[in-house]
Amino acid sequence: MLTSIKDECAIAGIGQTEISKLSGRSELQLAAECVKAAIEDAGLKPTDIDGMTGFTLDHVDEIEVARTVGIPELRLLSRMPHGGGAPMSLVHQAVMAIASGMCQAVVGYRAMNGRSGARYSSGVAEGPETTDRISWGWYMPYGLLTPACWVAMHTMRYLHEYGATDEGLAEIAVTQRKFAANNPIALFYGKPITMEDYYDAPFIVEPLRLYDCCIETDGGAAFVVTSAERAKDLPHPPAVIRGAAQGSAFDQEVMTSFYRENITYLPEYDLVADQCYAQSGLGPDDLDAAIIYDAFTSIILFQLESFRFCKRGEAHEWVKGGTLDLDGRLPCNTHGGLLSEGYVHGINGLAEGVRLIRGTSVNQPTKKTDHVLVTSGASMPTSAIIIGKLN
Amino acid sequence: MSDLSKEETEKNAATGGDAPAAVQRMRPVIGHDNRWWWDRINEGELPIQRCKECGTLRHPPRPMCWKCQSLEWDHVIASGRGIVYSFVVVHRPPFPGYEYPLVVAVIELEEGTRIVSNLVGIEPGDVKIGIPVEVSIGNVDETLKLPLFRPVNQE
Amino acid sequence: MPTSIKDECAIVGIGQTEFSECSGRSELQLTVECVKAAIDEAGLKLSDIDGMVTFTIDGSDEIAVARGLGTRELKFFSRVPHGIGGAMSLVHQAVMAITTGMCKAVVGYRALNGRSGIQMRPGVAGGPLSTDQVHWGWYTPYGLLTPPSWVGMFTQRYMYEYGATDECLAEIAVTTRKHAVNNPNAIFYERPLTAEDYYNSRWIAEPLRLYDCCMETDGGCAFVVTSAERARDLPNPPALVRGVAQGAAYDQEVMTSFYRKNIACMPEYDLVADQCYEQSGLGPGDIDAALLYDAFTSIVLFQLESFRFCKRGEAHEFVKGGALDLEGRLPCNTNGGQLSEAHIQGLNGVNEGVRLIRGTSINQPKKSDHVLVTSGVGVPTSAVILGKLN
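Protein chains in written order, with the numbering used here: chain A, 608 to 998; chain B, 19 to 173; chain C, 4 to 393.
No incorrect hints appear here.
List time: in silico DMTMM-like cross-link candidates among lysine to aspartate or glutamate, alpha-carbon distance up to 25 Å:
#, chain 1, residue 1, chain 2, residue 2
1, B, K146, A, E921
2, A, K643, C, D135
3, C, K78, C, D51
Simulated from the structure, these hints should not be mistaken for lab results.
Please model the entire structure based on the sequences and the hints provided.
Here it is in structure tokens:
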């Protein structure tokens, strides 16, 4: 029995397709391409892989990917629920399976024609009587239909309680587009925005403007986890997993946890932060950079507070003055984030986290990046990991 | 290489892909655990589920009490008065069956439970957190009756 | 890093609702009822539970269950795919989470209005352009729409290759119903079945008759897993998890792996068997009783061979003459199985496996120190070997 999974496993390979508005091929093909790329990046063969994990939302079954890529047998098959909350849960699964001796090498993947196929901005569909459908029934009739609406509700209350303005959000929006402008894979490559652009853009759902919201894209991303021991012999410097956690907090709904006493923070992030710090023996001061899930600018504020980079209610001030820039306290979403690289449901962020550890990001900070936090979506059961360099 | 323009980004955010064909507001899925609630609404009353064992009120309805785990429940009829706890003003993407800009709010009822609904009878720009509101149950189209909230005149 | 999860964890509580053809309440209510019952039976408090796992096809999200029950926080949650193949995967998930220190006590659950709500029988529904939907498109236009039609395909080839007749299926069908006759929870309670009834029943999908097929039922089942260490202090004799594994084999499809060289066997069961035996250090000779997933009689044959109770191609002989009866070599599906207790997609098998270890089955055989419990056939699958505290 382990008391902590610290340093047991490492991310040994990452793979991505291009990110676009029209992939022109099936989601299965995107999945197969990025999975193959991740396995090759790890210096492994498909026959070395014996576990796969993905999203419940993914349209591509792991057994189809396995047949397509040539992975013969699987000893772990699982799906992580709740959309944007899932990405680091995939790592969590991989770590559990390897650290308990169930598997040797696990692939996690996400592939989606999120722009040319089914889009999240098209609202919640109707269907049979599941708890999920019943839950949406309390919101759909009133027009609370899209992720922007759900996040805006928490954001409005946050701004009200802490007397915050939208300046912090503007700073996040502009800084991340600056990173993307430098990243050839990003949808905002070569397209920086100014503060003026930010404020001139229309409201999507008040208080969120256009550039507070992520883009919808087609693309796939995958990663390979194996034991830290084995990772030492593989081609790339391993991104050792110091901590990995899931969390669902009291009175949790998916995107609509409006019934808690305080809705200006998301306690599921507190739960995940506490576990990651406890497992790793690290604290916020030890984290050199972060990939913070940013489907919307405002959810970065909630996470900065839960992961204790600043006090509750202070993140809207803390982010000002370049804190999240490359030479700031916490370089954040150096790939451009979901806001401006592309929306591959957070797995593209994981790939960037690994690049930061390897020292190969296109926006590699000049200061050290020995420890990187990578998080998952807001206002749902969520997950996070801390990765570090091999000691 | 990306060829994304600001105009395209706006257009895409606004159109929302293959939006549903329905011209009406989306309907709640009705099942064992919520049919009674919508039945009360259709009778013109705003109910709140109550545990028969310990009296705890809960919304949205669920089959078991999270305080005492009793499966026995009934309901009370809410006064219909409350305050705006948080709100959003939805601009885009527009969906068929709804009018924009659309104000959706989390209302904290006098009884202590919260409910999500629309605010009507107020300009979006006038909505503030904390303003008092009261329920008004009525049809939004031929067949869908919803509890909506309107501001209470503050003297 | 542990090399085996052997004896690290135990099932300490089981709970279920009644099984019926019309529950009259929501699947969520069935879930909170059986989960509450499992936690109570384990001698734990709601606040002790910090992990939950269910099927991807379950209609009740763990967060809805948590809000319903009032559990405070979850540090572990996941879904296992491929329906009936996932039953023991729930145990697998729980064991991984506890063994790696991610959480302390996990509830696995499955509840469905399988009869009165959405039934399995009408075949495959429409949906988005997923690989799953594309996959069904190769079969549905030809009317290969239901589980008996898919399983029948494998069965027909098995019978052809090994010269098996329907006698073995009849024996399984009748023996399993005999167990159910004794079990007040079973849909076949006090409804015995003769071999004559079996042969007189109508074809569903040749070579499978009505009584080769399980029923559709409403009901819910749940279990609680915690560390073996902690289990010692709880009220029930723990059912230790000696081995637990998942497996998807080469060229795996869901229910239609017809493209493998040999379709008279199910290699995913071989993969699961090898892992369970290796983890536990046990072999088929050590297994005293089994809950073999029996949505259809014929799939019991594939499992007996994969778990090496007999040689390949010989299970149809092995089962004759009472091998699966209470006094036989391998008392099997002592609750009446999916065939005649209820079809809770394998979760009722976990509960009966735990009762066999505790010695509290309504059809308790003489010895049951080690019990094998398996999951569904023709899909990526899973199994567990349970044992008594040493």
